[in-house]
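For this one, chain A is given, so just place chain B on it according to the hints.
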Amino acid sequence: MTSLALPIAARIPSGLRRVAWAGIVIGLVAAWLALPPLTIRSFVPSLVLALIAVTLGAGVAMRGERRFGGFAIAAGVFGFTLAYLATQSSLGKLESVVVWSALFAATLRYATPLVFAALGGMFSERSGVVNIGLEGMMLMGAFFGILGADKLDSWWLGLIVAIVAGGVAALVHAFFSIHLSADQIVSGTAINFLAVGLTGYLFIDIYGTEGTPTDVQGIPNVNLGFLDGVSFIGPIFGQLNLMIWIAIVLVPLTWVVMFKTPIGLRIRSCGEHPRAADTVGINVYLVRYGAVVTSGMLAAAGGAYLSIGFINSFNENMTAGRGFIALAALIFGNWRPYGLAAACLLFGFSSALAQRLPEYSQSASVLFQALPYVLTLIAVAGVIGRSIPPAAVGRPYRKQ
Amino acid sequence: MNEIAKPSAPGGGDPSGLGPEVRQSFVERYAIAQRTEGILAPVLTTVLAFFVGGLVVLVTTGKNPLTTYRAIFEGAGWSWFFEIGNHRIGLPWSDASVWFPWNVNDVESLAAVNFQQTLIATTTLILTGLAVAFAFRCGMFNIGGQGQYFSGAIFAVWIGSSFEGMNPLLHILLAVVVAALAGAALAGIAGLLKATVGAHEVITTIMLNWIVIWTGSFLFSVGGPLQNDTQESVPFSNDVVEGAKLPILWGDPLLQGLHIGLFVAVGALVTYWVLLNRTTLGYGVKAVGFNPDAARYGGINVARNYFLAMAISGTFAGLAGAIDILGWQFRLSTGDMLNSQVGFIGIAVALLGRNTAVGVFFSALLFGSLVTGTSTRNLDPEIFQPELASNLTLLIQGLVVLFVGADIVILWLLRRARRGVLA
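Line order of the protein sequences matches chains A and B. Numbering-wise (the numbering used here), the first sequence opens with residue 1 and increments by one. Numbering-wise (the numbering used here), the second sequence opens with residue 1 and increments by one.
The set of hints was computed from the structure by calculation and includes no laboratory data. Small disclaimer: the values here were computed from a predicted structure and weren't measured. All C-beta atoms in this analysis are idealised placements derived from N, C-alpha and C, irrespective of residue type, glycine included.
Computed Cβ-Cβ distance ranges for the label pairs, DEER-style:
| id | chain 1 | residue 1 | chain 2 | residue 2 | range |
| --- | --- | --- | --- | --- | --- |
| 1 | B | Phe73 | A | Pro220 | 45 to 51 Å |
| 2 | B | Thr376 | A | Leu286 | 42 to 48 Å |
| 3 | A | Ala276 | B | Leu44 | 37 to 43 Å |
| 4 | B | Leu249 | A | Ile206 | 38 to 44 Å |
| 5 | A | Asn223 | B | Phe51 | 48 to 54 Å |
| 6 | A | Ile206 | B | Trp273 | 43 to 49 Å |
| 7 | A | Thr209 | B | Trp99 | 44 to 50 Å |
| 8 | A | Phe175 | B | Gly62 | 26 to 32 Å |
| 9 | B | Phe163 | A | Pro358 | 31 to 37 Å |
| 10 | B | Arg296 | A | Pro262 | 37 to 43 Å |
| 11 | A | Val257 | B | Arg296 | 37 to 43 Å |
| 12 | B | Leu338 | A | Lys93 | 24 to 30 Å |
Just chain A, same shape as in the assembly:
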């Protein structure tokens, strides 16, 4: 064991990661200096810090830890750019746009649906089934969530209806891609089309052109009264939606399930080498079915948060690519719970920032929405260290 582990450990020393993390933090501090509450009106200190971050990152990257080194370099570049832009802007605008507590609260709100869907995608892809259909499963959750909450007059029944609907959509995907070994991408694409068609059809059929009623019971917020007076923390965590808390709990929970339990080991082995898993007596079909259905239920919960947790209404195709951002976060986070949660927070932050940017320019804030996709493209291109998917992902398994 030690003879095997040693060379791997020697290749990636943990010290390097620490240096890279220091670089990332220094890069972010560089941006923070020029923003409220400090608002230093000169970009020179930020430039110095950003250069330190880039140097650290480059040093780390050259010694073999390309991914984290790349992150540190990116943080340095990003930090300086932001700081420079901030010094060019007027103080009044800056202070109205950058309200940290509001920004962080919005980040959590935007990241939550992504976290649900991305965690779902992780289950599916770790078990070896590509899930392009996340977008469709989210949409199913969004529609059936509000339908259930409206007709059954209860938010938690609505949530359950949503989860069941997402599970059924995932079951179709699972049946076609596992049992019938159809192309998983074709089948996922079909799920996306079907979800848009079905939810759009039922939405018009049931609610017509007036849209969903305004008095649907939504998922409640968790009111933490004791945080009321606390500055900064209070405005962020005092009034969060229940689903946000569930997402926060789900991330470590999924990590434990995936990496510390026999179930997780089985899921991962089906995704890496199904034949080997089969040989030691794991039912590959069963594991994959379970994982795909779980992914659909999670994605649908994220969709339900959109409709009955976030804006309390539904409109056609309301997910607008969030399922694909979740897919991007999954890849960006390297198919790991903490990694994808960090990616979701990053993407959520960019959405939160975009929402406040119209103060400067209406159109530029729209362009900001492309950021997650650009980052993911860079990540899969391997510029800052490759994202490596599970070995057997996308390949149907046939028992022999």
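Structure of chain B alone, referenced to chain A:
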């Protein structure tokens, strides 16, 4: 050929356990059906999808699905062919006219107008279908048709709405060529990433789709660089100038007549067939599609083929964007960016058409008719609500894609059956 293929239809219900001879003959018959470009499976797929769609109509609205489908059929203008009478058609480049069984005068015939719309939609779908099909032949799944279509459309609307007073022919050519190159460049990025670092084309094309969608939304949104010059509060581009509009072939230019883009689409179909079946490039692309390792061993440059196949795919989609803009749309809005489904329908077109030129043509015609027949403008709201019907189109499209997956299953089951017979 069809006579041989047909008997296998009842054979599909062949009860098993009747002995190897019977099963073998079924296998053989199905194999013949496959060789005749597999007409049977796509037709069954379509019928099944329409059947399920009809069930949805029946269950949710209680209306007769056949009446609904008939209204869609009429909305798509196919009833035009049944309105046979004594009409005349003008000959091109002259004032002479000859007898013609159908009424081409769209002032007199509503069906003619509807059919023009169907052909316009088909034109686009042929091209976006080819964009998916060509990459498929090289073993890649190009989900990026939507983005490539829009990158073409954005450049077309930009060039088409500037350079007023330019020679019309040059203007159109410039817009179309640049748009095709824009589509090729976007798809080329995905091809290049696949060829160099092995990034999966599905992921990269999805990301590129959304990058283009949001970039386009940025360009045409209020305050954006390509937003309308005269009306400052509307999120759409300038209009294409008169000189850059495609000539109208049939119908009234003011009522969206059929433009000459249809010829471009047909030309693209021929090009597709020739490229794949009569050129070295096509041989390489297909070889890589069958088995990249074997192709590499045979001396084919796999990376180069990945890049070229994607770039050519993107060219088709970029062309589609240019033709839509210069042919009938004349402007782009931020709403188009998020609502259009043209590139995605291309996936269904290619899958149902089994990536052959003929197949793509017919499935584009099918989806073109569905899209047109269910539009608010064409479907009779007395019979079926158009808002519902357009979603029915999406539903049928999804079912088709799903069942094409099941088509692969039929083949797999057959292969297993054949193995069983031989053993």
